[in-house]
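There are 2 protein chains.
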Amino acid sequence: MAHHSGTLKLGAFLSGHGSHNASWRLPEVDEDASRSFAPYARVAQKLEEGLFDAIFLNDSVAVPELDPKSLARSAQGMRWDPLTLLPALAVVTRRIGLISTANTTYNEPYTLARRLASLDHLSEGRAGWNLVTSLGGGENFNRDDHLLHAKRYERAEEFFDVITGLWDSWEDDAFVQDKANGIWSNPDKMHLLNHKGAHFSVQGPLNSARPVQGYPVIAQAGSSNDGRELAARTAELIFTAAQTIEEAEAFDADVTARLARYGRKRADVRILPGVSVYVGDSAPDARARYEALQDLLDPISTLKGISHFVNIGIDLWTLDLDEPIVLPSVIPVTNTHKSRQQLVIDLIRREQPTVRQLLRKMVAGGHRILFGSAQDIADDFEHWFRAGAADGFNIMFPDLHGSVDRFVEQVIPELQRRGLFRTDYEGPTLRDNLGLARPRNRFSAARIDHSPAIRR
Amino acid sequence: MAHHSGTLKLGAFLSGHGSHNASWRLPEVDEDASRSFAPYARVAQKLEEGLFDAIFLNDSVAVPELDPKSLARSAQGMRWDPLTLLPALAVVTRRIGLISTANTTYNEPYTLARRLASLDHLSEGRAGWNLVTSLGGGENFNRDDHLLHAKRYERAEEFFDVITGLWDSWEDDAFVQDKANGIWSNPDKMHLLNHKGAHFSVQGPLNSARPVQGYPVIAQAGSSNDGRELAARTAELIFTAAQTIEEAEAFDADVTARLARYGRKRADVRILPGVSVYVGDSAPDARARYEALQDLLDPISTLKGISHFVNIGIDLWTLDLDEPIVLPSVIPVTNTHKSRQQLVIDLIRREQPTVRQLLRKMVAGGHRILFGSAQDIADDFEHWFRAGAADGFNIMFPDLHGSVDRFVEQVIPELQRRGLFRTDYEGPTLRDNLGLARPRNRFSAARIDHSPAIRR
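Respectively, the protein sequence lines represent chains A and B. Number 456 marks the last residue of the first sequence (the UniProt record's numbering); no jumps. Number 456 marks the last residue of the second sequence (the UniProt record's numbering); no jumps.
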């Protein structure tokens, strides 16, 4: 892609007490963040003060690790339903985007279409949907075996067609709402979907007006071949786990090539690598904050969590922490998190870490970890951004308190000083701020859409 | 039941622009109430000012009437997802209960358990669930034919067992959250559900702490035999459509008898008949408000809506408005709204209305319609309440604006003056205000629960 001269986009990845597994143990962090609204309201407002494009909530439909040691030591079993938390956050914020993860494997498109449309109306155009196929959890949804990877993607493709078709049920000007004459709607602007496919039969129409943004912004993080293909067809915001500029550039080139197959351009997509950021008053201060969190980590339950998340055929928690990791000759084929498995294998081959070193690398879910002063962070971001390796970043905050405050108070002003980041929101909707076009309604595509949200 | 000497409970049934089909045409009513948050926020705060026990949102998973005349004239096609609107309302209120309708036919128990648990945590114990089996909409959920009535109830029974079992996944004190020692939870207090039934296989545990209230308050409105039986086993709040004190007493006696089969007492349940209320400065003023709304009604689309809702084998909209209604010798068997069909048949037999008279009776979904001054309304409520025919009322506000204001400003003070209504909320949770016990966790039932919410 062309080297960037504009400004970068920033997402805030939020989960539990923070992206670091031990963050709940920090004195300043509210241990009830997954059942008490106040900590999330505070963080959302702080991120909006920092002009972040969006809050991005991840999700899961199961408690991942059930052995007693993990239950005792790892902060799990308590999680917000993201599409319940985000409507509440919409009320205490005005401009920041609200992106929810939701899976296509255990949901029904009609139900999810309603939830996301209502969130987009409630927030006046700030909703986003992170489409995932796999979150585990089949055991909670009448399935002994998790749907096969390929089948999940097939279902996801069809789910996307149905949900966007439902959002197009009503044209933008279908609701006449003429009180004097009692005319509520123009029936010619209502369109039945009448979808009949392998996975879904959905007649429509949706019982909701079209979302403010046409569709909520579509995000995705799948990096497998199927995942990239789905992203190329449907995603507008792509989260990656690129560790190096070279990896990021290769990913970018690959996605750009795939986009063309669907008549889309690179400019229709924003690519945001995830990065876990530790900001300190100086580089040593940042490192000390990072080390302090690492020291709070329980190795056994964390290693079990990693092994659950990415199966590389080794029971990591049975090894000595200072033992080097030797990959088995045959690595098991995985049905979940395919691309994340590859990332870990690559990392082990490249860096030959001990168990302890891998553990520390993996606390941000395998994302890049960055620590330093605000200048150091801004240098890194500027380097990636100017090189064209990223349109911005999805920041994985280690904790939900101080790490957010330090980023907003120290890194954001430094990015603004360099002209790398906005000094005010561009507009009221998430699409406005990301510079993404408002999608046409498929049923009125022949007409010219004069919607003010369209930029290109 | 014993005659009442306490105070009555009040629910506020909210839907669209109000329960009257023409309410959107009133000048003061915001025509965007189903996609703009402000009108609902305003009404919720007004109802809390009036110390209402709860807001109660209904739901539907389809646009009910698709013929062009109905689409053009009847305010449909736009509806909040109630479990998206209620989290937002939780933020702008402090004490009022938040009850959402959600169906057991097209939802998965794990998903709904999460949504309701998150709402209960978010609102600090104010969530309620109105369990319904039937809202139509099979055509949007891979089903050409709506599930048979009996099958729906069978699924609902199992759904209830699963969802409450999931809410019991974690005992109330399972989360130790000891930061210093890194102990997150006591694994002995996590319980797998391992449910395998005809409709659901769900392992658990839920990825949420137990709701603040143990379970959200369970509400139901089914009045058929199956509906009453399910309510007797599971409901804590029962909405009825009783038209007369005699009907209400018969319903009460029937439910009381059924409760005994499940080891429950009448005091475990609150029965609230629905009533549509028009408050005026005087009786003629109230009647004038009622007539003004009736005059805004479009007869054809409203009659189609009624026929869709309750099929009595007559195409009402083809008849002259002043023609008396003659029931056919054979009335079709219905698969939805069985009890509502019977209510209409009874009404026609009792009152022998013209089409126009039935139309006017049915604008509140067949509920009792009451108009008068604040004194008149309070007289009626007092009469029913003292007679033991109701524990309170579910008020169907004709519109979402003036009718709420007049009730809160005029009727509530009159009820308080008579000692019939609270002058402050009894406690922070919906259970506290309804005087309902906090349910025990089935897995820790052997231990004594000292929860402060328990009253009896």
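Keep in mind that the hints are not guaranteed to be accurate.
You can't tell identical chains apart in this list, so a pair holds if it fits in one copy or across any two.
Capping the alpha-carbon separation at 25 Å, the derived lysine to any residue pairs in SDA-like fashion look like this [as the list claims (entries may be wrong)]:
1) 69 to 180
2) 338 to 245
3) 179 to 42
4) 69 to 172
5) 338 to 187
6) 338 to 154
7) 151 to 262
8) 361 to 424
Just so you know, these hints were derived from the structure itself, not from any lab.
Up to 25 Å between alpha-carbons, please classify residue 69 paired with residue 172: within, between, both or neither.
-> Intra 54 Å, inter 20 Å, cutoff 25 Å: inter-copy only.
Worksheet item: For residue 361 vs residue 424, is the C-alpha pair at or below 25 Å within one copy, between two copies, both, or neither?
Response: neither (35 Å within a copy, 55 Å between copies)
**Item:** Within, between, both or neither: residue 69, residue 180 at alpha-carbon 25 Å
**Value:** Cα proximity of residue 69 and residue 180: across copies only (17 Å, versus 67 Å in one copy).
Are the CA atoms of residue 179 and residue 42 at most 25 Å apart within a copy, between copies, both, or neither? Result: close only across copies, 21 Å inter versus 41 Å intra.
Subject >> residue 338 and residue 154: within-copy, between-copy, both or neither at 25 Å Cα >> reply: within (16 Å within a copy, 40 Å between copies)
| Given identical chains, is residue 338 near residue 187, meaning Cα to Cα at most 25 Å, within a copy, between copies, both, or neither? | For residue 338 and residue 187, neither the intra-copy (46 Å) nor the inter-copy (30 Å) Cα distance is at most 25 Å.
(request) Can you give me the call for residue 151 and residue 262, within, between, both or neither, at a CA distance of at most 25 Å? (result) Answer is within; shortest intra-copy Cα gap is 21 Å, inter-copy 44 Å.
Alpha-carbon proximity between residue 338 and residue 245, which holds within one copy, between copies, both or neither at 25 Å
within (21 Å within a copy, 65 Å between copies)
Violation of the numbered hints given earlier is confined to hints 5, 8; the remaining hints are satisfied by the structure.
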